[in-house]
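Asks: Chain residues, written in single-letter form:
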Amino acid sequence: MSEPIIRVRGLAKQYPRFALRDVTFEVGEGRVLGLIGPNGAGKSTLLRILMGLVRPDAGEATVLGWPMPASERAVKLRTGFVSEDMALYGAATLRWHMDLVRAMYPDWDELRARDLTARFGLDPAQRVRDLSRGQQVKALLLLATARHAELLLLDEPTAGLDPLARNDLLTLLTESRGERRGAIFSSHIGADVAALADDVAFLFEGRIVAYGPVAEFVEGGRTLERAFLDHAARTRDGRAA
Amino acid sequence: MRGPLVAYLVAAAAALALALAGGSAARTAGVTLAINVLIGASFHVVLGPVLGERERKTLAFVMTLPVTVVDVTVAKLASAFLLFVGPAVLAAAATTVALPSLTTILGSTAGAGPSWTLLAGWVGYGSVAIGAWMLFFAAVLGTALVTESVGWTIGVLTGSVVVVGNIVLQVLPVLPGASAYIRSIAQRGPALSATIGIEVVGLAAVVALIVGLQRRKTSFV
Chain A
0 MSEPIIRVRG
10 LAKQYPRFAL
20 RDVTFEVGEG
30 RVLGLIGPNG
40 AGKSTLLRIL
50 MGLVRPDAGE
60 ATVLGWPMPA
70 SERAVKLRTG
80 FVSEDMALYG
90 AATLRWHMDL
100 VRAMYPDWDE
110 LRARDLTARF
120 GLDPAQRVRD
130 LSRGQQVKAL
140 LLLATARHAE
150 LLLLDEPTAG
160 LDPLARNDLL
170 TLLTESRGER
180 RGAIFSSHIG
190 ADVAALADDV
200 AFLFEGRIVA
210 YGPVAEFVEG
220 GRTLERAFLD
230 HAARTRDGRA
240 A
Chain G
0 MRGPLVAYLV
10 AAAAALALAL
20 AGGSAARTAG
30 VTLAINVLIG
40 ASFHVVLGPV
50 LGERERKTLA
60 FVMTLPVTVV
70 DVTVAKLASA
80 FLLFVGPAVL
90 AAAATTVALP
100 SLTTILGSTA
110 GAGPSWTLLA
120 GWVGYGSVAI
130 GAWMLFFAAV
140 LGTALVTESV
150 GWTIGVLTGS
160 VVVVGNIVLQ
170 VLPVLPGASA
180 YIRSIAQRGP
190 ALSATIGIEV
200 VGLAAVVALI
210 VGLQRRKTSF
220 V
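Just so you know, the sequences run in chain order A and G. Per numbering that gives the first Met the number 0: the first sequence = residues 0 to 240. Per numbering that gives the first Met the number 0: the second sequence = residues 0 to 220.
Hints listed in this document are in silico derivations from the structure and should not be mistaken for laboratory results. The structure presented is a predicted model; accordingly, all values stated were derived computationally and were not measured. Take the hints with a grain of salt, since some may be wrong.
Claimed, not checked - In the SDA-like style, the derived pairs of lysine to any residue whose C-alpha atoms are separated by at most 20 Å in a straight line are: (1) G/K216 x A/Q135; (2) G/K56 x A/H96; (3) G/K56 x A/A69; (4) G/K216 x A/H96; (5) G/K216 x G/L8; (6) G/K216 x G/S148; (7) G/K216 x A/G159; (8) G/K216 x A/A158; (9) G/K216 x A/R54; (10) G/K56 x G/V200; (11) G/K56 x A/G58; (12) G/K56 x A/A11.
Stated by the list, open to error - Label pairs and their in silico Cβ distance ranges: (13) A/A214 x G/T217: 51 to 57 Å; (14) G/S23 x A/M103: 51 to 57 Å; (15) A/G29 x G/T217: 31 to 37 Å.
Unchecked claim - Stretch by stretch, here's where chain G covers chain A in the computed footprint (C-beta under 8 Å, at least three residues): (16) 128 to 135; (17) 176 to 184.
From the three backbone atoms N, C-alpha and C, an ideal C-beta is built for every residue, glycine too.
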């Protein structure tokens, strides 16, 4: 059995009004993990910790065999990350950003970048500040997915996308799945998780309350949203009792 | 940054020209303009690339690239100093040549000798002044990088201008013993190498402190 590409043990992060607590899970080689949870559940915090944008207060995280954040350069070189926490430089063009990313990543694929530019309807010569919010999200996705990254970490990747762009992204992620060693993405949309993910983790109030193959949670025609609500209710009841 | 940088260079050159033009009014105007260039250029250089990066969310984008916080800090320090050094050298030169007390001391040192002795004195003291302004800029830049606060940065900026601009360049030349010190600098004596050595060590210490404090940050979003 191969080593998991992501291993997380007892991860914790404390904020004034929120805490990520004792998060433990693994993502196997070739697997896609979907994170489902309400706003403030800790999905973004978890992805930020895996990418080195936030240092945890406790616990360990190993990404692609490297401990984080000690080996953040090696992990970032092999990982594509998109989040609403990020923005591009408004005064620069999309082409400038593409050239920057190409210079820093040996796995940049210019042909794929051009294909994605056309698919997303973007003009590389346009300044970022002249792009709509949705177009800026597409630009970030382009920069992350025009590389042959080993791992993708996507925080609500379809948020802010029009239906056509959302469909394009889901198709792209499905088509390019074989190139990667794995992915984690968070979403409010159960259908997206069900379409792309092999496994799902439900985050509620900073903890993982359920984890397993998607198929187990959607047995009998149940939706992932329904499954999450059931687990969240059980967690609340368990605390109340 | 290109437009403002060109403007600061032109203004600093104008300050130097005024300082060299002779006459009390021209020298005063030159020094005033030079000080304003130093303040404006230092704040402008940190304002765009440093302050507000977190709010604009471009810091998060940069930190997802294959870099560490030390890489980003060193790059910002190097680029900021490169942007600042051009206007700073010209403006510091303007403040040096415009000081009447300094000219008197250096003139008496040169005596009846060749005018290049006077020039060497200005170059020596100018080097010391430039070093002092670099330390000032390092303090402002470091405050901006570490605190990411406009308020703190302005506070350190104005405080540093009082210290460097007034005490070092206005008060120091007229203190007892200053004449001997300035003569030693003009004659490339031990005071010159000692002062520049102290400034270099001071600059290295400030840079090390900035990098050390940056490494302690736990969030880039």
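Asks: Please go over all the hints and tell whether each is borne out by the structure.
Replies: Quick rundown of the hints versus the structure:
no. : hint                        : in the structure
1   : G/K216 x A/Q135             : violated, 28 Å
2   : G/K56 x A/H96               : holds, 15 Å
3   : G/K56 x A/A69               : violated, 23 Å
4   : G/K216 x A/H96              : violated, 26 Å
5   : G/K216 x G/L8               : violated, 35 Å
6   : G/K216 x G/S148             : holds, 15 Å
7   : G/K216 x A/G159             : violated, 30 Å
8   : G/K216 x A/A158             : violated, 29 Å
9   : G/K216 x A/R54              : holds, 8 Å
10  : G/K56 x G/V200              : violated, 35 Å
11  : G/K56 x A/G58               : violated, 27 Å
12  : G/K56 x A/A11               : violated, 24 Å
13  : A/A214 x G/T217: 51 to 57 Å : violated, 38 Å
14  : G/S23 x A/M103: 51 to 57 Å  : holds, 55 Å
15  : A/G29 x G/T217: 31 to 37 Å  : holds, 32 Å
16  : 128 to 135                  : violated (count 0)
17  : 176 to 184                  : violated (count 0)
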